[in-house]
Amino acid sequence: MTTIEYVQVSFEAITSNKLRSTLTTLGVTIGTTAIVLLISISTGASREVTKLVEGLGSNLYLVTPTRPKAAALTGVATVSRLQAQDADLLQKETALRVVVSPVLNNPAPVRYAREVKSGVMVSGALPNFQDARNWHVVQGTFIKKHDGDLARRVVVLGQTVHTGFFKDGDSVGKEITIAGEKFKVIGVMEAKGQLFDIDLDNQVFIPLSTAQRLFGTTALSYIVVGVATADDVPAAMAEAKRILSKRMTPDQFEVRSQGETLQTVQSISLIFTAMLGSVAGVSLLVGGIGIMNIMIVSVTERTREIGLRKALGAREPDVLAQFLSEAILLSFMGGCFGMIFSYLGALGISRAYPTFAVSVSPFAVVLSLGFSVAVGTFFGAYPAYRAAGLDPIEALRHE
Amino acid sequence: MMVRAKDLIKTYRLEGLEVPALRGLSFSVEAGAFIAIMGPSGCGKSTLLNLLGCLDRPTSGTLEIEGVDTSKMNRTDLAILRSRQIGFVFQTFHLLTRATALSNVMLPFVYSDFPKAQRRDRAMKLLRYVGLQDRMRHRPNQMSGGQQQRVAIARSLANDPQLLLADEPTGNLDSRSGLEIMALLERLNREGKTIIMVTHSRELAEHADRIVHLLDGVVLRDEVVAERRSATAQLGEQLA
Ligand SMILES: Nc1ncnc2c1ncn2[C@@H]1O[C@H](COP(=O)(O)OP(=O)(O)OP(=O)(O)O)[C@@H](O)[C@H]1O
Ligand SMILES: [Mg+2]
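If you read the protein sequences in the order shown, they are chains Y and R.
Numbering-wise (our numbering), the first sequence opens with residue 14 and increments by one.
Numbering-wise (our numbering), the second sequence opens with residue 9 and increments by one.
Excised from the complex, chain Y in its bound form (with noise of 0.2 Å):
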C-alpha cells in the first residue's frame, strides 16, 4: 500500500464521522494555534526590542533622574536634579573614553507657514550629541561650538518634522517657529524610526543654551554618554554611579544601558512564552489523549474490517500504518485548523496593537504543523498497534 492510499483510506474513514473528527481535533487545533501566536508574538516582541537596541545603540548608557520607567525613553520633563555640571563632573573625573552629552527635552509647538505641528519634542543639545548618540546629520550640519555660545536660534530637524513640512525635500536654510519663536534650519537628522510607540524622528534639536532660555530651566533631561565599545559599557556605568553619587544620592538618578531596558521587555515576552507554552502542551497532551481514545474506539467499531482486510492479505504493517496515518491526518488536520485559526489571531492581535508587529512566520507554522504530526504518532501508536496485533479470525467473528 503506499502513502497516497493510506492518506486516502484515511481521509475517507475521518471525513465519514465529520463532527466526531472536528470535535476530535480541537485539542490539537488550539495547541497549534498556541505555539504559532506564542513564537509570532515573541518574534515580534524581540523584533521591537532589535529596534530598540537599534534606536539607542549599544556602545551607549543614559544618565537620568528618577521617574517612572516608561518615561525615562521619552524625556517628559518633570521636576529634575540633573544639571549640566553633572555632565561636566562626569566628564572630567572620568578616566574611561567616554563622549558626555547633556539633554534637556521639552514637547512644543512647532510651525512652518500655515502649519502647526503640536507636541514635537525639542531637544537642547550639545554639538557632541551626534558621537555620543550615534545619531547624524544628513542633510546640513548639526549644532556647532559657536551657536551654543551664542544661544542661537537654530535647528536641526528629524525626518517626520521634515518631510512633514518640507513636501519638496528642502527645508535647510528655511524658517520654522518653536514656542513662538523662530529659528533657521540648519540641517536635518537621519531617520531613527519607532522606539514602541515614539516616533524618534518626531523631534528637532536646537542648541542646549537656547533651549534653557526658551524653556526657562536649566535641569536637563537625561545624559547620554557614549562610550567607546559596549563592553566598556558596564565599567563606564559603574564609574557614573561613583562620580555622580558626589553631588545626588543614589535614589535622584538612575544609570541604564539599553541592556535593562531588553530585559524588562524580555520578561514581559517570557510570561507571554510561558503562559502560551503551557496553554499549548496542556492542549497538545488532551488533544493527544482525545486523539488516542478516539482510535481506540475506530478500531473497536472497526474491528471486522480489519479481519476482513488481514483475511484479504494485509501484513501486520500495513494495518499499522493505516490506523497509524488516521491518526496522524486526524492531528495534521487539527494542526491545519490552528494554522488558520493563528492566521486570524495574529491579524487580531496586528490590528488591536498596530505597532506591534505580529506575523505569522513559515518557521512557526512549520514547527506546530511538526508538532501536530508528532502528537498523532505517538498518540496513535499504540491503537495502530492494538489493531495491527487483532486476530483475525476473532476479529471477522467480532459483532
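Hints are not guaranteed to be accurate.
Straight-line distance between alpha carbons at most 25 Å, and here's what the computed DMTMM-like set of lysine to aspartate or glutamate pairs gives [unchecked claim]: (1) K14/R <-> D77/R; (2) K187/Y <-> E203/Y; (3) K124/R <-> D331/Y; (4) K80/R <-> E407/Y; (5) K133/R <-> E314/Y; (6) K197/Y <-> D162/Y; (7) K124/R <-> E329/Y; (8) K80/R <-> E329/Y; (9) K197/Y <-> D144/Y; (10) K124/R <-> D142/R.
Pairwise CB distance ranges, derived in the manner of DEER restraints [what the hints assert, rightly or not]: (11) I284/Y <-> T105/R: 49 to 57 Å; (12) R21/R <-> L283/Y: 55 to 63 Å; (13) E18/Y <-> K80/R: 30 to 38 Å; (14) K31/Y <-> Q150/R: 19 to 27 Å.
Some chain R residues close to chain Y (C-beta under 8 Å, calculated; not the full set) [what the hints assert, rightly or not]: (15) L25; (16) T67; (17) G69; (18) R83; (19) I88; (20) R90; (21) S91; (22) F96; (23) H102; (24) L104; (25) R106; (26) L110; (27) P116; (28) Y119; (29) S120; (30) D121.
These are calculated hints, taken from the structure and not from any lab test.
All C-beta atoms in this analysis are idealised placements derived from N, C-alpha and C, irrespective of residue type, glycine included.
Since the structure of chain Y is provided, determine the placement of chain R with the ligands on it from the hints.
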C-alpha cells in the same frame, strides 16, 4: 496437489481449558476439485477452513498449500500467501458497508502488487463476470443478499487465486439466491478453480464432486458424489 493436510491438531485454549477442535485430521484436495465439507455443529469445519485459509496455524501437524508447508510460516508470509493464493467467501459477506461494489472488489489489490492502472478494469470485469454490471456503484445496503455475496465472490477472485474457501456461502440466503451462488461456484470450478465449501445442506453439498464428512475434529468419511447436481440446470428448470 492443491492441499495436503496431515495429522492436523488444533487446540484452543479457553480460560486455562483446552478445547480440541481438530484431533489429527488428514486429507488432501487435488487441484481443480470441488469439495464440500459437512458435519455437525462444532465438529471443526470452520476451524479447518481457517487453517486452510492460513488465517491461523495448526497446533501441530503439517499443512501444504500448493506444495508449500504453511504450518511453520510466520504471520507476514501467511498474509502474503493469503493475498496471492486464497480467496475467501464468508457466510456474512463481510463487505465494507461504506464502499461501493467496485471499491469492495478492488480492496484486495491494496495488499498485492497488482498493477494500479489495471485495478479498476479488472474489478469491473469481475463484477460483470458475477452478473453485477449494473450494480458497480451500489453500496452493500442497496443490494440484495445474493448480490452482496456475488460482490464478495468477485472480491475473492481479485488476485486470481487458485483456491477458493467458502464457509457456508449460502447460509444467509434464500434458496434461489443460494442456487445462483452455487451456479457461480460451479462455473468457477469448471474454469479451473479449486473450491472448498462448508455447508450444512446435503443438497448443496451434492453440487461438489466430493463430500468430506467431519466428526469431532477428524474425517469420518470421504464420499465421492455419485450424481452431481448442477445449479445451472436447476435454475434453467425453474425458469422453464
Ligand atoms: N476461538 C476459539 N476459542 C475456543 N474454542 C473455539 C474457538 N473457535 C472454535 N472453538 C471450538 O472449536 C470447536 C470447533 O469449532 P468450529 O467453529 O470449527 O465448528 P464448526 O464445525 O464450524 O461449527 P458450525 O457448524 O456451528 O459453524 C468448537 O467446539 C468450538 O467451540
Ligand atoms: Mg462454522
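Verification of the hints:
1. K14/R <-> D77/R: With Cα atoms ~11 Å apart, K14/R and D77/R stay inside 25 Å; holds.
2. K187/Y <-> E203/Y: 18 Å, holds
3. K124/R <-> D331/Y: 17 Å, holds
4. K80/R <-> E407/Y: With a Cα-Cα distance of about 21 Å, the restraint between K80/R and E407/Y holds, given a limit of 25 Å.
5. K133/R <-> E314/Y: Violated: K133/R and E314/Y sit about 32 Å apart, past 25 Å.
6. K197/Y <-> D162/Y: 16 Å, holds
7. K124/R <-> E329/Y: Status holds; Cα separation ~22 Å.
8. K80/R <-> E329/Y: 18 Å, holds
9. K197/Y <-> D144/Y: Holds, at about 23 Å.
10. K124/R <-> D142/R: 23 Å, holds
11. I284/Y <-> T105/R: 49 to 57 Å: At 53 Å between Cβs, range holds.
12. R21/R <-> L283/Y: 55 to 63 Å: 60 Å, holds
13. E18/Y <-> K80/R: 30 to 38 Å: 31 Å, holds
14. K31/Y <-> Q150/R: 19 to 27 Å: 22 Å, holds
15. L25: 17 Å, violated
16. T67: 14 Å, violated
17. G69: Violated. Min distance 18 Å.
18. R83: 6 Å, holds
19. I88: 7 Å, holds
20. R90: With a minimum Cβ separation of about 5 Å from chain Y (threshold 8 Å), the hint on R90/R holds.
21. S91: For S91/R, the interface hint holds, since the closest Cβ of chain Y sits about 2 Å away, which is under 8 Å.
22. F96: With a closest approach of 5 Å, the F96/R hint holds.
23. H102: Since chain Y brings a Cβ to about 5 Å from H102/R, closer than 8 Å, the hint holds.
24. L104: 6 Å, holds
25. R106: 6 Å, holds
26. L110: 14 Å, violated
27. P116: Hint holds; P116/R Cβ to chain Y Cβ min 4 Å, cut 8 Å.
28. Y119: 4 Å, holds
29. S120: Since chain Y brings a Cβ to about 6 Å from S120/R, closer than 8 Å, the hint holds.
30. D121: Cβ of D121/R sits 11 Å from chain Y, so the hint is violated.
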